[in-house]
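Now for the letters of each chain:
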Amino acid sequence: MYIVVVGGGRLGYYLSKALLNEGHEVVIVEKEASFCKIINDEMGGVCICGDGCETTILAEVGTGRADMLIAVTGDDEDNLVACQVAKHKFNVPRTIARMRNPQNEAIFKKLGIDVTVSSTNVILEHIQEEVPTHPLTHLLTIRDRELEIVEIKITPEAAATGKRVRELSLPEGCRLALVIPEKQKPRMPTNDTLLQAGDRIIAVITPEAEETLRAALSGI
Amino acid sequence: MKVIIMGCGRVGARLAGLLDTDGHSVTILDTDADSFRRLPATFKGTALVGNGLDQEALKRAGVEEADAFVSVTQGDNRNVMSAQIAKHIFNVPKVVCRIYDPLRQELYSTLGLETLGPTTIFAQMLREKLEA
Numbered sequence: 001m002y003i004v005v006v007g008g009g010r011l012g013y014y015l016s017k018a019l020l021n022e023g024h025e026v027v028i029v030e031k032e033a034s035f036c037k038i039i040n041d042e043m044g045g046v047c048i049c050g051d052g053c054e055t056t057i058l059a060e061v062g063t064g065r066a067d068m069l070i071a072v073t074g075d076d077e078d079n080l081v082a083c084q085v086a087k088h089k090f091n092v093p094r095t096i097a098r099m100r101n102p103q104n105e106a107i108f109k110k111l112g113i114d115v116t117v118s119s120t121n122v123i124l125e126h127i128q129e130e131v132p133t134h135p136l137t138h139l140l141t142i143r144d145r146e147l148e149i150v151e152i153k154i155t156p157e158a159a160a161t162g163k164r165v166r167e168l169s170l171p172e173g174c175r176l177a178l179v180i181p182e183k184q185k186p187r188m189p190t191n192d193t194l195l196q197a198g199d200r201i202i203a204v205i206t207p208e209a210e211e212t213l214r215a216a217l218s219g220i
Numbered sequence: 001m002k003v004i005i006m007g008c009g010r011v012g013a014r015l016a017g018l019l020d021t022d023g024h025s026v027t028i029l030d031t032d033a034d035s036f037r038r039l040p041a042t043f044k045g046t047a048l049v050g051n052g053l054d055q056e057a058l059k060r061a062g063v064e065e066a067d068a069f070v071s072v073t074q075g076d077n078r079n080v081m082s083a084q085i086a087k088h089i090f091n092v093p094k095v096v097c098r099i100y101d102p103l104r105q106e107l108y109s110t111l112g113l114e115t116l117g118p119t120t121i122f123a124q125m126l127r128e129k130l131e132a
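Protein chains in written order, with my numbering: chain A, 1 to 220; chain B, 1 to 132.
Looking at chain A on its own, in the form it has when it is part of the complex:
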């Protein structure tokens, strides 16, 4: 794939390195000449010095034939504009933007950015999950279907402990996919499955139903 990366900061640098290692064709567009030099000295001439929001620069690096543009500068507005120019001027099929402010997700989506990654949210989620008392962990997001796969721990004091699946008031559209008991093999739950303290449950839910599910399984 031919990938244009806008922003040659730390994120752009490591991302491009990984993409190059995977065998992709990568070009980085970075404003700061000193950053360009560091990248080019180390990775070979992959970095072009210029403003990745400017049509002329994007044309120069051949954005018209790019399969993907990834904007990872430190400014949300620059990432948004780079993706919009790529999408509307060069018909790039896939645009990915990094966001600093998680609130911007709605506007980025509305304006047609295909994938948004909120660095703040990613770090926040990881920190939350490292808090031992936090019962719900996000494992995977299936973005185009608005679904997520989560893991929930059943604590001894949870209301669900000692209950069967049919007795739980699960939110609509929620599927319990797997029960992983502490000492036995994982199994697919049925309505008769008895939940015990220490069980871990893998469930497929919509983001809105997350709170209801957490309350149903680990609530007291």
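Simulated from the structure, these hints should not be mistaken for laboratory data.
Note that the coordinates shown come from a computational prediction; the quantities given were computed from them, not determined experimentally.
Quick look at which bits of chain B chain A covers, simulated, 3 or more residues with Cβ under 8 Å:
1) 67 to 79
2) 83 to 89
3) 98 to 107
In this text, a Cβ means the ideal position worked out from N, Cα and C, and glycines have one as well.
Let chain A serve as the given structure and place chain B on it in line with the hints.
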């Protein structure tokens, strides 16, 4: 009408003064409180420190009840992003934004944003002066 202006530079401050004199209710936003010194002494509107890219700051400025939104900061991308937030998230009826880069201006005009490009306008005006 109720107008929100993002960016209290020379243009923003002057526009705020003009609209205020015309009797409109004006709120002007800038990230730097120091820039409000440009506002005329007679200005009766509201000057708020805040980032127009931040939806919370826009709400504080009353974007939900605004009739018009103007973005005139120094950054094209900032202007473009806040104008799109005002238009698409808060449904402000009239949104105008300044874009210096002519190519970017052309793109956002075709995307339905009401834009003003000082670079193009001023260059044309200068040519007319010189060729007159």
